[in-house]
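Colleague: Below are the chains, spelled out letter by letter.
Protein chains: 4
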Amino acid sequence: MNTQHEAVILVSCPDQLGLVAHLAAALHKAGCNILDAAQYTDTLTNVFIQRIHISCERSIDSKTLQKHLTPIADEFEMKINIRWTDKTKRVAIFVSKEDHCLHDLLLLHRDGDLHCSIDLVISNHDDLADVAERFCIPYHHIPVPNSGDPEVEQQQTAILEDNNIDLLVLARYMRIFSDTFTKKYAGKIINIHHSFLPAFAGGKPYHQAFEKGVKLVGATAHYATTELDEGPIIEQGVIRVSHKDSVKEMIRKGRDIERTVLARAVRWHLEDRIIVHNNRAIVFS
Amino acid sequence: MNTQHEAVILVSCPDQLGLVAHLAAALHKAGCNILDAAQYTDTLTNVFIQRIHISCERSIDSKTLQKHLTPIADEFEMKINIRWTDKTKRVAIFVSKEDHCLHDLLLLHRDGDLHCSIDLVISNHDDLADVAERFCIPYHHIPVPNSGDPEVEQQQTAILEDNNIDLLVLARYMRIFSDTFTKKYAGKIINIHHSFLPAFAGGKPYHQAFEKGVKLVGATAHYATTELDEGPIIEQGVIRVSHKDSVKEMIRKGRDIERTVLARAVRWHLEDRIIVHNNRAIVFS
Amino acid sequence: MNTQHEAVILVSCPDQLGLVAHLAAALHKAGCNILDAAQYTDTLTNVFIQRIHISCERSIDSKTLQKHLTPIADEFEMKINIRWTDKTKRVAIFVSKEDHCLHDLLLLHRDGDLHCSIDLVISNHDDLADVAERFCIPYHHIPVPNSGDPEVEQQQTAILEDNNIDLLVLARYMRIFSDTFTKKYAGKIINIHHSFLPAFAGGKPYHQAFEKGVKLVGATAHYATTELDEGPIIEQGVIRVSHKDSVKEMIRKGRDIERTVLARAVRWHLEDRIIVHNNRAIVFS
Amino acid sequence: MNTQHEAVILVSCPDQLGLVAHLAAALHKAGCNILDAAQYTDTLTNVFIQRIHISCERSIDSKTLQKHLTPIADEFEMKINIRWTDKTKRVAIFVSKEDHCLHDLLLLHRDGDLHCSIDLVISNHDDLADVAERFCIPYHHIPVPNSGDPEVEQQQTAILEDNNIDLLVLARYMRIFSDTFTKKYAGKIINIHHSFLPAFAGGKPYHQAFEKGVKLVGATAHYATTELDEGPIIEQGVIRVSHKDSVKEMIRKGRDIERTVLARAVRWHLEDRIIVHNNRAIVFS
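Which chain is which? The protein sequence lines are A, B, C and D, in order. To get the working numbering, take the position in the first sequence, counting from 1, and add 1248. To get the working numbering, take the position in the second sequence, counting from 1, and add 1248. To get the working numbering, take the position in the third sequence, counting from 1, and add 1248. To get the working numbering, take the position in the fourth sequence, counting from 1, and add 1248.
Keep in mind that the hints were calculated from the coordinates and are not lab data. Watch out, some of these pointers could steer you wrong.
One copy or two, either will do: identical chains are not told apart, so a pair holds if it fits within one copy or between any two.
[What the hints assert, rightly or not] Lysine-lysine pairs mimicking DSSO-like chemistry, simulated, CA-CA at most 27 Å apart: (1) 1337 / 1315; (2) 1345 / 1436; (3) 1460 / 1436; (4) 1327 / 1277.
So that you can see chain A by itself, here it is in the shape it has in the complex (with noise of 0.2 Å):
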């Protein structure tokens, strides 16, 4: 039996001198190897942001390692934030009736390629139940007459809390959420919405894409915030088109890169890869 386990360290704090060499010694001294370490300092507000993954014994525990890590912590105003990779996250997918991300999201777990579980699907309709079903995840068919109608967040949110959940993905879900709802769940939130060049305001954006003639489509992915589809950048990626691709065609190749970048932000949030500072997210990939 393994007698090591894993946990990844989130660290930000005013930037400072030796704040590597502090943290670096006070896990040695707490019993922690450190397998990898990546860090980033923003210079327009002087934070100092660091990613540590490191392994110890199973009798090292948070309670341990808080011990060991307060007094700096406090020294230096570190927020420090320590998840023990064998806890996998629980997870929520949100969609509506396009199922391209589901799809993609649902094989990527069943590879072991997303490290968390899938708890349970959430839609306004019931046309993906059958996906949902053939990979054995309970279905919630939640109507929403109006994006952010209390009464439907409420029973979403009793269902996301009876399960635990940490983070909802919204694999192409078209309702709105409340405000309240958005800050409720901050930072747990992914979105993946489609991006062009130039970008463009307004319903059917593939159709504007298609009269302007872009000759790239993309998507990005972002922690939703309440000013809708500004939140935190977490992935971008775009694919060529070119005048003889319809808009079907467009919105074809669309899906093609929204599945992609979807997963990969996942992939990373589930990793504990990113943190969230000054609204960007530093993706420690």
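Chains B, C and D: place on chain A using the hints.
Modeller: Same frame as chain A, now just chains B, C and D:
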């Protein structure tokens, strides 16, 4: 001695049955061989567009060709443009202080990869005079105190007309032309500008992109129109960036993609591969 | 009811003056409208190749078309293939144990993005029977003790012939066909395999790629020929890797690019966009 | 005046518990601040590798640092390299007749994007003398009748030693060095060569790639070793081609990717971002 010469014929007209056959027959009757042909039908406007690359005896000139094509041009309301490939286009490059795009164009031209003559460089600064000099190209330093200044534009126009310029390439020229000037050279000015997902209004776009934490920066080459940076898109490209890239590094990466994208757009224009229809650039690449 | 139908006509013959005009005239006379046409002249062998997409009245069938085209086909030694687009191709997918490519093809097909019927899946293992079942596609489990076993291939051939299969897609099928089988289905088998820069001979290519520290892994879709993995290349793609990627992670990234590249190759084949000439696949994309 | 200076410290040693902490502690004690640190453990050989970017008072020099690091270096069998960032590397560029890579390096250097001095250009032809001259860089024309000629290499070595050259960049230098020469400059020669999927043995690779109908051409930058073109890979890139691209056009596209890939590799080397271990280049990008 080569007794043959070649032309590119660009055709557009309302779509209708038999267009391809009628054009092919007329060209055949005129003694032309079709080396390449590509077509596109714009379904929004029901307009047929074709690019035909032909070869024929040197004895056959534009007049002969016109004579054979006029009947069907009249019948089908065709706009027909004939450009002989041995008549190279005359190009003027506009620059300010940055020379990454200028250098690339000059080197490509020297290597025989741009089918044109580069007849002059116009700049609102004298910084790049030596670059032009090395390549033995006349450099016109015309200060532009205010964008769109009519006297300045008169000076510029005089030089362009004296040199029979066919194409103006704005290779990071940081001044804006008046609507009058832009209209005068409609479809003959290619501009390059940075592009971001999402797009940023206002100044210092790279600073905004950095603060937003974008993962891609890009560039768009387009024909200049009176709507700033909104002309028909010829080509686009992107390059990856991460939180590690400073604003300076993002600008450097942006330059790399700008010069590549601009060079492609210019080459396609010079090879008569582009037809602008309904504010979209159809590129027969 | 739509009184029109469409066909793709693939033509190849020794290059000569007037080919395009003669073909266009013959098609016009036969009552066909040319929706799209693309051509290519192979300068090494002096062979002219053209793909013509036409529409015409339903009363005009292959026989009528042949009658109009035979005279010029004879005169110019043309090989002509006519494929009506309402006659969808019948596809068999071969798999072993990995299902990433299979899933992608099934989903694309379901979404109407592959112009074909998927009539059956053949595998040397029973692992993926349930995937086929979900999509209601017959699954034939035929163990293959030795690659190229004549009895096994007889069984496979019987199934393919009973089902009038037009295209065999090897979606990570880990067995090799005999030369006899491969020749029988020449130009009708599409295979996907990983590709590396530089290429590696021998087994465990991902392990070799890892040890070599490559920065890109790729995939190539090609027609199967008797020279293993050396058939005409239809499409290729790559994805970035770094020293941080374990062999497992490199294989995962490789899968992502394999399925994308294979799907594109299959789609182009189904839309009759590919002509193989002189062991090169000309793709009119 | 800036009283601080910076260094990059590259460390490698057998992997062991506590390495990161011990190094961080020693550097802290020596008065260094860790600006950035990245590490990698090669699981095949169980070797720990770390790149540490530090800043400290100018009064602290290599000697002081060595004194603080020697005890742990001895204890853990560490190889330690310290490079002060204000000591720029001295670079020699080797060329033959093509100048696309040379130009790019010279322009990047002029723009402050390459942290080095470019001290001289050596060529077996005199074609590019004027390019070097424009940038005021000494040009040594040394004809090379036979690759690896000892007298020629003596001449080259003399120049390199007289100029204290730290890095040799082979920017499309079409001659091969002797094993003796290559070993003498092990880890100090960066070469660029084209790469194809699949790879082609023998001469005229672009002609072979064309005949094979490849859809991608690429370039690989690597350290030169005695095994031709088989040294540790630093960076790779690809660009799309199609059947429409002539051999000439494929070469042009190849040049575009060659210069980009070479420039990246050189920049990373100059910033001490690369450690070669077990014939793999670990790039801390």
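Colleague: Each hint needs a verdict: does it hold in this structure or not?
Modeller: Structure-based check of each hint:
no.	hint	verdict
1	1337 / 1315	within (24 Å within a copy, 46 Å between copies)
2	1345 / 1436	within (22 Å within a copy, 35 Å between copies)
3	1460 / 1436	between (35 Å within a copy, 19 Å between copies)
4	1327 / 1277	both (20 Å within a copy, 25 Å between copies)
Every hint from the earlier list agrees with this structure, and none is contradicted.
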